[in-house]
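**Student:** Chain by chain, the residues run as shown.
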Amino acid sequence: MTTAERVVERFEAGGHGAYVESYDPRDEHMTINMGPVHPATHGVLRLLLELDGETVIRCEPKIGYLHTGIEKECEDQNWRGAVTAVTRMDYLAQLFNEQVYCMAVESLLGIEVPPRGKYIRTLMVELNRIQSHLVWFGTQALDLGAMSGVFYGFRERELILDFFEMVTGLRMNNGYFLPGGAWEDLPDGYERPLSKILEIMPGRIDEYEALISENPIFLERTIGVGAISKEDCLRLGATGPIARAAGLDWDIRRDMPYEAYPEVTFDVPTAEAGDVYARYQVRMVEMRESVKIVQQLFEAMPPGDHKNMDPKLMPPSRAELNRSMEAVIHHFKLMTQGYSVPAGEVYAAVESPRGELGCYLVSDGGTSPYRCHVRDPSFVNLQSLPVMVQDGMVADLIASIASLDPVLGGVDR
Amino acid sequence: MIPEITLTAWQILLVKIGVILAIVPTMTLVAGYAEHKVMAHLQHRLGPMYPGGFHGWAVLLADGLKFLYKEDIIPERADRRVFSLATFAIFVPAVMVYLVIPVDRSLIVEDLDVGIFYLLAISSVSTIGILMAGWSSANKYALIGALRAGAQLIAYELPIVLSAAVVVMLSGSLSLVDIVEAQNWPFLIWPPGIGLIAFLVFTMASVAELTRPPFDMPVAESEIITGAFTEYSGMRFIFSFFFPEVANLVAFAAIGATLFLGGYQPIVPLGVLEVIPGFVWFTLKTAFMVFLFLWIRPTFPRLREDQLQKFAWKVLIPVTLALILVAGAWVLYAPEALR
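Chains A and B, in that order, give the protein sequences. Read the first sequence against the working numbering and you will find it ends at 413, with the numbers running on by one and no gaps. Read the second sequence against the working numbering and you will find it ends at 339, with the numbers running on by one and no gaps.
If we strip away everything but chain A, and leave its shape as in the complex, we get:
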């Protein structure tokens, strides 16, 4: 029986209740609650640990401490307004949430996004991927005790967030996309900050690598730590950098292309070892590849509309409101009731920084989602944690959590 099978069986046996029944005070194991308030559990993840000295005998992630009810909240919003809610789920990959939700609504509506809209969205999410990976880099280094890493990572993240602020008005929770495109076109003069980011980013990634990649202590702490096999990744539904680091060559951007990805070329990095170091390498290369993608999109940015201009979906511009009665009616309808979406259900998926981010959307033909379920990669990946840390030490557990890069806002939704 593999470790993964044992972990799955244990979950099916009833989780915490089964755990309490199996507790035997004579084996001198220590039960310890790591979290929900702990410096290295990336928010409010709670781990129920059974330790033999410092060796992890058993690890059960307990979630729900950041439950926000966003999925339910979507049902009270109109189709366009729900974007503002979904962006707050995985707050480090905010634009991915918006993108996957918008893609789901678009395929229910059966509408197309104009090329410029696709390019803008792809460009923004790729910047978001770099931003998210920079946070991962900082926290991974910090959790391993290399406290300087976090300052380096956040230094460049700041540039990207400034760019987000310039384009969308907000640093996080942008609410920038909407079904049919993006709210606004890229602002005048967006080229300068963007080309500055593209110019310095490769050098800065070199700098991170110089800082950490070959540090003997870092290697010692990460190689062979928190390893998970390709089969276990498949069994447990792990996706994204975790699966790719274990040798599963699967990237939705390349294998099920969407938005502007068919028009750009990029490599999908994979590794074989499946340990913390392999995940580190995969994410570092992913950042470089994202820079390349943004570069290509930036150079080939097509002219035209940034959103689908169907007057039944998009509120008319201010100028139009002043001269067209029809526009006023559309505006009134859209702002009070919203548009309705044909009944049906759909699943859309994108490759978020953490793996497959899916959105399952059901419409009953009304003006708000009947059900909006998000398959968040943080949530699914978290169940591979017990496999990774089995029989490791507490310090390895910390390294493994950091390399999973879970965002608890996404886990609990």
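Careful, some of the hints might be misleading.
Label pairs and their computed distance ranges (CB to CB) [to be verified]:
| no. | chain 1 | residue 1 | chain 2 | residue 2 | range |
| --- | --- | --- | --- | --- | --- |
| 1 | B | Leu196 | A | Ala300 | 55 to 61 Å |
| 2 | A | Gly64 | B | Arg81 | 37 to 43 Å |
| 3 | B | Trp295 | A | Asn33 | 22 to 28 Å |
| 4 | A | Asn33 | B | Glu110 | 47 to 53 Å |
| 5 | B | Lys66 | A | Gly203 | 37 to 43 Å |
| 6 | A | Asn33 | B | Tyr69 | 50 to 56 Å |
| 7 | B | Arg45 | A | Leu170 | 50 to 56 Å |
| 8 | A | Leu66 | B | Tyr69 | 54 to 60 Å |
| 9 | A | Leu66 | B | Lys70 | 54 to 60 Å |
Covered stretches of chain A, as calculated for chain B (at least 3 residues, CB under 8 Å) [to be verified]:
| no. | stretch |
| --- | --- |
| 10 | 38 to 44 |
| 11 | 143 to 155 |
| 12 | 213 to 223 |
| 13 | 357 to 363 |
Simulated from the structure, these hints should not be mistaken for lab results. Ideal placement from N, C-alpha and C gives every residue a C-beta, glycine not left out.
Assemble the complex: chain A is given as a structure, and chain B must be docked to it using the hints.
**Tutor:** For chain B alone, kept in the frame of chain A given last:
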């Protein structure tokens, strides 16, 4: 004309206590501020800039004041007496280390015959306090931290003692003043190699002893919060964790400067350099050592507990044991060979 002052033994003792109690907090504040600023500049940031006006010099005073206002919490299930006593068991040795450090030829509180022995013994006492704190907190993280600290002490006290033994062999005395006097050339430079290796071992083991990164597992905040001090708050936290950490940092820097860098002696025996007073030399060398310790912290990731033990028992201790043999050979044969 200076009037002749005669003091009784008690008065002298009081003066000495006063001096120590004035110097130790000052040194701690200066080193703590240096830690803020050095680390900040190594990490592309400015660090504290506002408290006090000039480059945030008063940040630690503000910090201390903040801690003073905080509620002093003792957990309900904690062993109250041991919990409170642990602070003193950690704090007092940190101050007592300073008693035997020779700042200048005659500027020393107590020139003990067994100065180095006293130094190494007293600096390990605080681990008892850490164990007390960890055990009495009724907190599992505190317990893990305390046990890690205990294991680390045993592993790293040996290299320190052994590298100090090398110095003792080379100088032929246990008194710190005599050790400094024996260093016309600092042991770091002469005898070639032996002193340098002993110095490196001493520095690494000191970092482990001080529980600073990369050997800060007993207080690793990303693993076990603050280890044994997880439950401490307010002034208790300052006096059991922050203050002794920095005070010990300066103390070990001073010990390193005394044992390997020639203490209050000029760094090379040149007549010109004799003009500079001894305490200036001592301060410079200590500051260099403090900087070395501060530099290490933002540079390295943290080791794991078992890797640390392996490093101590498989690398540092064999190296120092071999070094003792070499130093013995040097003391026996080198003086004749070089004559």
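**Student:** Should the hint that A/Leu66 and B/Tyr69 are 54 to 60 Å apart at their CB atoms be regarded as holding?
**Tutor:** Violated - the Cβ-Cβ distance for A/Leu66 and B/Tyr69, about 31 Å, lies outside 54 to 60 Å.
**Student:** CB of A/Leu66 to CB of B/Lys70, is that within 54 to 60 Å?
**Tutor:** 27 Å, violated
**Student:** Taking 37 to 43 Å as the stated bounds, is the beta-carbon spacing between B/Lys66 and A/Gly203 within them?
**Tutor:** At 40 Å between Cβs, range holds.
**Student:** Counting residues of the stretch 143 to 155 of chain A with a beta carbon closer than 8 Å to any beta carbon of chain B, are there 3 or more?
**Tutor:** holds (count 9)
**Student:** Holds or violated: the 37 to 43 Å window for the beta-carbon distance between A/Gly64 and B/Arg81?
**Tutor:** 40 Å, holds
**Student:** Given as covered by chain B, does the stretch 357 to 363 of chain A meet the bar of three residues or more with CB within less than 8 Å?
**Tutor:** Check failed, 0 qualifying residues.
**Student:** Has the hinted range 55 to 61 Å been met by the Cβ atoms of B/Leu196 and A/Ala300?
**Tutor:** 59 Å, holds
**Student:** Taking the CB of B/Arg45 and the CB of A/Leu170, does the distance hold inside 50 to 56 Å?
**Tutor:** Check failed, 25 Å falls outside 50 to 56 Å.
**Student:** Does the Cβ-Cβ separation between A/Asn33 and B/Glu110 fall within 47 to 53 Å?
**Tutor:** Holds, at about 48 Å.
**Student:** Take the C-beta atom of A/Asn33 and the C-beta atom of B/Tyr69, compute their distance, and say whether it sits inside 50 to 56 Å.
**Tutor:** With a Cβ separation near 30 Å, A/Asn33 and B/Tyr69 fall outside 50 to 56 Å, so the hint is violated.
**Student:** Taking a Cβ-to-Cβ distance below 8 Å as contact, does the stretch 213 to 223 of chain A have at least three residues touching chain B?
**Tutor:** holds (count 5)
**Student:** Are at least 3 residues of the stretch 38 to 44 of chain A within less than 8 Å of chain B when you compare beta carbons?
**Tutor:** Per the Cβ count (3), the hint holds.
In the structure shown, a violation is registered for the earlier hints numbered 3, 6, 7, 8, 9 and 13, in ascending order.
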